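*Asks:* Protein chains in written order, with numbering that gives the first Met the number 0: chain A, 0 to 290; chain B, 0 to 290.
Hints are computed from structural coordinates only; laboratory data are not their basis.
It is possible that some hints are incorrect.
All copies of an identical chain are treated as equivalent in the list; a pair is satisfied when it fits inside any one copy or across any two copies.
[Said to hold, decoys possible] Computed cross-link-like contacts, DMTMM-like style, restricted to lysine to aspartate or glutamate with a CA-CA straight-line distance of at most 20 Å:
id	residue 1	residue 2
1	Lys31	Asp156
2	Lys289	Asp185
3	Lys31	Glu290
4	Lys289	Asp239
5	Lys289	Glu138
6	Lys31	Asp18
7	Lys289	Asp140
8	Lys289	Asp186
9	Lys289	Glu74
As the structure is a computational prediction, the values presented were derived from the model and not from experiment.
There are 2 protein chains.
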Amino acid sequence: MSDAPTSLPTSSSASLSQDPSLHPFDRAIALKALPDGNWLGHTSADYRNMVGPYGGITAATVLNAILLHPARLGEPVALTVNYAGPVQDGEFVIEVEVFRTNRATQHWMLRLVQGAERTPVLSATAVTALRRQAWSGPELDMPDVPPASSLPRAQIDLAGVPWTARYDMRFVRGALSLDPESAASDDSCTEVWMRDEPPRPLDLASLCSMCDGFFPRIFLRRPGFVPAGTVSMTVYFHADAQTLVAQHDAPVLGVARGQVFAQGFFDQTAQVWGQGGTLLASSHQIVYYKE
Amino acid sequence: MSDAPTSLPTSSSASLSQDPSLHPFDRAIALKALPDGNWLGHTSADYRNMVGPYGGITAATVLNAILLHPARLGEPVALTVNYAGPVQDGEFVIEVEVFRTNRATQHWMLRLVQGAERTPVLSATAVTALRRQAWSGPELDMPDVPPASSLPRAQIDLAGVPWTARYDMRFVRGALSLDPESAASDDSCTEVWMRDEPPRPLDLASLCSMCDGFFPRIFLRRPGFVPAGTVSMTVYFHADAQTLVAQHDAPVLGVARGQVFAQGFFDQTAQVWGQGGTLLASSHQIVYYKE
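Just need the whole structure built from these sequences, with the hints factored in.
*Replies:* So this is what it looks like as structure tokens:
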């Protein structure tokens, strides 16, 4: 964040966001450096959700403002994004503040704002760190599931929700059902193989986006459609960029479940597993619902 | 956060922090309103950890800056605190910014700073919300454990770590062992009954503090002591203040486990259960370790 607010630039949006040679994901998270140290982006029609962009693409774009930052130390360890208001179609600015830089860790505060009034839309904090050799040990095991290639690709055709077509999703359990006649369930767990569509080598930004790739858990607990939206999401990164290179464009296994649904909010815990059973990221969110 | 930085007041710390009629917890989280809308606090010897204060008391103090805030809408739903640097003994200022207020939700950004230079020490974001009647359903079940009264109180006597004496802890499993001869384990799960010592009726601030009441999971996975510290913690509140009144000063059951330990960081997922098996809070953190 700059000390002195600057007015939004009047130029057109970042040219990268319109480059047809790029993957839609890279177009969506493209940012242009502004003279004041902040970043200019533009919403993507490819990742549109019912209201505004898919939350995962917004989180990945915020992360990208850190990944691109010239003062960055190390790689992302934690990111929390708070969806404070709807993102309007069009340009936005991500204000970036390096809150504190230590020897091996760095702390960030970010805001996404829009319009001449710089309307606050999203707040975020992040930690980057120099990773190093240390004793390592997994604890949670990846569920024993059939391979993605043995499962059919889910056909999720929702009017006005183009982002779901940007992922190849193959459900092991807990597939989306918006059938109002479907039975209520006491189990909100989903296991789903995910990859970008078209295929794209996994990186930290796309991993971040996939952490939000689970439809609201309340859809599994309750029959039919329930209005719901993520309020806050946290992603912990357990892999560095180099580790992700080995994943290339293979699908990752996402596992998500709700722990409690109470007074209009539920929480979701999720894991994203890579090839070979490596836990690449764990993620948590708290979600508003109305029923 | 005020627009114009103010210099630290030269007056002595908040008088509440020295009031002997208050519970040590209330003294520790006491804040004094500053004319610029920020809050002045003082570290507490009662909750001192090896380096600086116990992280849970710092998180609770940050939450208290919101709970006390005259512009607050609703009750806490989510809090993320990022421990950017060591808190020095003495006074600190919590800068509070209402990032955005909606009809039913409100977003906050906070910083804890210290000294004449206003050194950045901790960043935080939070969401408060008006809770309302809605369909509710638990999903995760509280573990079936023996009652606190059937278990011995843990004797945790660590030189220079007074905060552990501020909690009555009774371990069901996964008790602290710093014995360098203890065997490495593949299970980092702890189940522990916790309450304030001396007893104090549970409220949102003390619930927040207890979410950090688990020693580092790496202590269970590796023999002996391993340097470790929380980098970022998120708490999701599933109970409102009124619900907590019914808990009074009964112990809560804390459950915590690590999911993966890699390249110097591990994550912890935790639940805090109230009497009757109600999930009061879920919490997550990412922790630095050095081995």
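*Asks:* Against this structure, judge whether each hint is valid.
*Replies:* Here is how each hint holds up against the structure:
| no. | hint | result |
| --- | --- | --- |
| 1 | Lys31 to Asp156 | neither (33 Å within a copy, 55 Å between copies) |
| 2 | Lys289 to Asp185 | within (18 Å within a copy, 41 Å between copies) |
| 3 | Lys31 to Glu290 | neither (41 Å within a copy, 40 Å between copies) |
| 4 | Lys289 to Asp239 | between (38 Å within a copy, 17 Å between copies) |
| 5 | Lys289 to Glu138 | between (36 Å within a copy, 18 Å between copies) |
| 6 | Lys31 to Asp18 | within (13 Å within a copy, 54 Å between copies) |
| 7 | Lys289 to Asp140 | neither (34 Å within a copy, 23 Å between copies) |
| 8 | Lys289 to Asp186 | within (19 Å within a copy, 38 Å between copies) |
| 9 | Lys289 to Glu74 | between (37 Å within a copy, 17 Å between copies) |
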